[in-house]
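S.K.: So the sequence lines, in the order shown, correspond to chains A and B.
Going by our numbering, the first sequence opens with residue 1, and the numbers climb by one from there.
Going by our numbering, the second sequence opens with residue 258, and the numbers climb by one from there.
Rather than coming from a laboratory, the hints here were simulated on the basis of the structure.
For lysine-lysine, the following DSSO-like pairs were computed, each having C-alpha atoms within a straight-line distance of at most 30 Å: (1) A:Lys187 with A:Lys239; (2) A:Lys190 with A:Lys239; (3) A:Lys2 with B:Lys435; (4) B:Lys435 with A:Lys26; (5) A:Lys53 with B:Lys343; (6) A:Lys2 with A:Lys26; (7) A:Lys53 with B:Lys274; (8) B:Lys435 with B:Lys343.
DEER-style ranges, computed between Cβ atoms: (9) A:Gln63 with B:Ser287: 17 to 23 Å; (10) B:Gly272 with A:Asp218: 47 to 53 Å; (11) A:Pro192 with B:Ser264: 40 to 46 Å.
Nothing here was measured: the structure is a model prediction, and the numbers come from that model.
Yeah, the Cβ is synthetic: ideal placement off N, Cα and C, and Gly gets one too.
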Amino acid sequence: MKHLSEEAMVELYYGEGEGDASAHVKACRECAAQYAELTQSLDAMSPVVVPAKDAQYGERVWQALEPRLIPYEKKARGWFGWSLSGWTGWKAATLALGCAMLLAVAFAGGRYWERITAKTENSAGNKNPQTTQPTVVVVLTDHLDRTERLLVALEHADSQDHVENAQLQSEARELLVSNRLYRTTAKHAKDPALAGALDRLEGVLAEIANDPNLTAEDLQRVRSEMNTQGILFEIRVLKTRTTDQGNKTNSGRGASI
Amino acid sequence: MQENDHSIVRAVLAGDKEAYGALVHAHSGSVFRVAFRMMGNEADAEEIVQEAFLRGYQRLESFQQRASFGTWVYRIAVNCALDRIKRPGIEAEYRAGDESDPEEKTVQVETQDADPERALLSREISAVQERAMQRLTPTEKTAFVLRHHEDRSVSEIAEVLGIAPNAAKNAVFRAVQKLRRELAPLRGMA
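With the sequences and hints as input, model every part of the structure.
M.R.: What follows is the structure, given as structure tokens:
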């Protein structure tokens, strides 16, 4: 019988575990004992007593806040929140007519442009459905490169060098933002290997980025607790994969990026 | 309530600054609660409340009408508190809890015992708890407070912290692991 992990027990305690976990705890004596111990320690975390605030508290907050607020500019709001104050009926009608004409010109221009572009593509005779893919691959490879460098730096960062730590932290902050976008995209593109690796990576980046006073001990803790070696390995595998994808696309097109 | 909040937001954006007072009255209690749980003292929590409502007012144009104003300003407050915890000075002050007067630094915890010995023990336990909380990273501390004390789901925590749900789940898990380790000597005392 496979026993429950500590993580699964924590999830179960907070009511987010699967139904199987609950059934397992009921059936398995060993897990039941461990779960009881976990429950006891978490229950013992006494609730923090928040000082009671009287009914006037909200008013006091408002009184302190009010002088610091600058009123928003008064606007008469029309369709889609556009300001139409001061516009008479005929002016609005002229605007609407102008917009409609502009739209018609843009539509006709678009059709004409489409026809010209299609003609040019046909005459070139080299249509490739993956023309945009290399750009995506290059951008992702660049992100993975930077990530790899950060993880390598993290592996070797054991000094008390504050400047180096600050650089590491600033790089982690930048990567955290782009990593979030890549993870979401990978998830939508149904690429679980990439999404999973970026997900684990995000945890490491968040830890480094959010630490107010990054010390050698903090870095050591991140390395040991979050298995950065394993993540580095995953990133290297993914890099190889994306580079291969890029090469295939290029050889198909007979050109290099 | 939500519909009412939305109409107030529209009024504020149309220039009625005074209308914002109604939102402050309605939500200052819940914002104070989470701020206190994160900061551990009343003075800092009150400052966080002010800052959260001020930032909320300044960014009101970005508030999306499908969201709840209460949840929105709550998230701003958590981020204000997180920013403050992350400031090196504040963090150093937090971590200095070991050396300073425990009475001053310790967050009050519930005790219904009139027995002085039990009360002393309870205070001792709460001091150990507070020290254990201070050893968590800001992300772990926020994730734990939101999960354990505020009963927020992992996805809500992820949204507040701007990280993936799995990373939020791991942060809660690491916090629980560390706290259990720190509090292990107290087992059986409580």
